[in-house]
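Each protein sequence line maps, in turn, to chains U and L. For the first sequence, position 234 matches number 234 in the working numbering, and the numbering has no gaps at all. Counting the second sequence from 1 gives a position; the working numbering is that position plus 1000.
One or more of the hints may lead you astray.
[Claimed, not checked] Distance condition first, Cα-Cα at most 25 angstroms in a straight line; then the derived DSS-like pairs of lysine-lysine: (1) L:Lys1041 x L:Lys1053; (2) L:Lys1041 x L:Lys1007; (3) L:Lys1021 x U:Lys228; (4) L:Lys1041 x U:Lys184; (5) U:Lys119 x U:Lys91; (6) U:Lys226 x L:Lys1021.
Derived from the structure by calculation, the hints contain no laboratory data.
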Amino acid sequence: METVQDRFLRYVRFDTQSDENSDTCPSTPGQRTFGEALVDEMKAMGITDAHMDENGYIYGTVPGDPKLPTIGLIAHMDTSPDASGKDVQAKTVPYDGTDILLNEEKDIWLRSSDYPSLKENAGKHLIVTDGTTLLGADDKAGIAEIMTAAQSLMTTRMAHATLKIGFTPDEEIGRGADLFDVEKFAADYAYTVDGGPIGELEYENFNAASAKVDISGINIHPGAAKDKMVNSLLLAMEFQSLLPLHQRPESTEGYEGFFHLTDMEAP
Amino acid sequence: MEKFLQKKALMEKICAFLNEKYGPGTVELTLKDSYFNMREKILPHIHIVEKAKAAMEALGIAPRISPIRGGTDGARLSFMGLPCPNLFTGGQNFHSRFEYIPVEDMEKCTQLLIHLLTTC
Ligand SMILES: [Zn+2]
Chain U
1 METVQDRFLR
11 YVRFDTQSDE
21 NSDTCPSTPG
31 QRTFGEALVD
41 EMKAMGITDA
51 HMDENGYIYG
61 TVPGDPKLPT
71 IGLIAHMDTS
81 PDASGKDVQA
91 KTVPYDGTDI
101 LLNEEKDIWL
111 RSSDYPSLKE
121 NAGKHLIVTD
131 GTTLLGADDK
141 AGIAEIMTAA
151 QSLMTTRMAH
161 ATLKIGFTPD
171 EEIGRGADLF
181 DVEKFAADYA
191 YTVDGGPIGE
201 LEYENFNAAS
211 AKVDISGINI
221 HPGAAKDKMV
231 NSLLLAMEFQ
241 SLLPLHQRPE
251 STEGYEGFFH
261 LTDMEAP
Chain L
1001 MEKFLQKKAL
1011 MEKICAFLNE
1021 KYGPGTVELT
1031 LKDSYFNMRE
1041 KILPHIHIVE
1051 KAKAAMEALG
1061 IAPRISPIRG
1071 GTDGARLSFM
1081 GLPCPNLFTG
1091 GQNFHSRFEY
1101 IPVEDMEKCT
1111 QLLIHLLTTC
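Hey, can you work out the whole structure from these sequences and the hints?
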């Protein structure tokens, strides 16, 4: 049986970065390519109903004891637009607690002074990048873990619940749930496998809204601007300056909410 | 929810203030709700959280229960009728060139998933 590690290393080679400027679903063709490979792999394991729907969502069932609840496991196929996910050069390194040289040529290091939680992993084997792309553990690790668990259930003699598998596109651009067919999925409940460090278990999240502020200024030659010009860039800064300083992502934690300026553009 | 509403109200007040200062129509604000806290949808099924917690403890994993400082597909799915908490993958530094994941933690997650499916 393929290990979760080998499976993961195979998956990160697919470039599945999503694109918020695309209107298609999936937003990028690489997600479909990855999805097709996942369906083939599920079928090869004996998951006979594995399929991709017209929107690129993957579904499949590992049948179990019908007297037990039906449990869903869900992960997403895309990776974040925040960093490149192309030509990911993943490698496994035994970690002794010292800093890790990710890229000798470019002198890129993964340092515990930058990421203090690194130290907690001394003695483990870490899969890292070459420092030029993201890794894609978010969320190909979730997919590899679900697939490995599914394969184990397919071969075990132990009684188990029916498992419904769902792999979604475009989670990172906030569209992953849009076209998810909850009714067809037919699970009593589910877990997304999309969290961070070991032990994480989450059932609360923020309430969120997006705010778009359009500012119409009045443009005029600066030499003749007196009492006429309204500079929209300055007004945008004034708007932002009226929001509480202490309610920003960098100064809040736990249950404290924030205002987060993500974009500013001049027309 | 109350603090969320206060934040939206503050933006509206700032918008109104600037329009008063510089003239009507100078600033236009469009607020759109993105997602809501899934807590209210999970609480009636809190046993699925308890179950995940117990499964972790049985495998020697210390559960770390905390709010997601953002959204998640599970929240949307919970509001669509599928209660859906989120489990760890083991990964760290998501969305970054410094993302990494311990092999041992991926193995633990796999064991956790198998445990959840075989002990219910
Ligand atoms: Zn994710």
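We went through each hint and held it up to the structure:
1. L:Lys1041 x L:Lys1053: Holds. Lysine 1041 of chain L to lysine 1053 of chain L sits at ~18 angstroms (cutoff 25 angstroms).
2. L:Lys1041 x L:Lys1007: holds (23 angstroms)
3. L:Lys1021 x U:Lys228: holds (14 angstroms)
4. L:Lys1041 x U:Lys184: holds (20 angstroms)
5. U:Lys119 x U:Lys91: holds (19 angstroms)
6. U:Lys226 x L:Lys1021: Distance of about 17 angstroms is within 25 angstroms: holds.
The structure agrees with every numbered hint stated previously.
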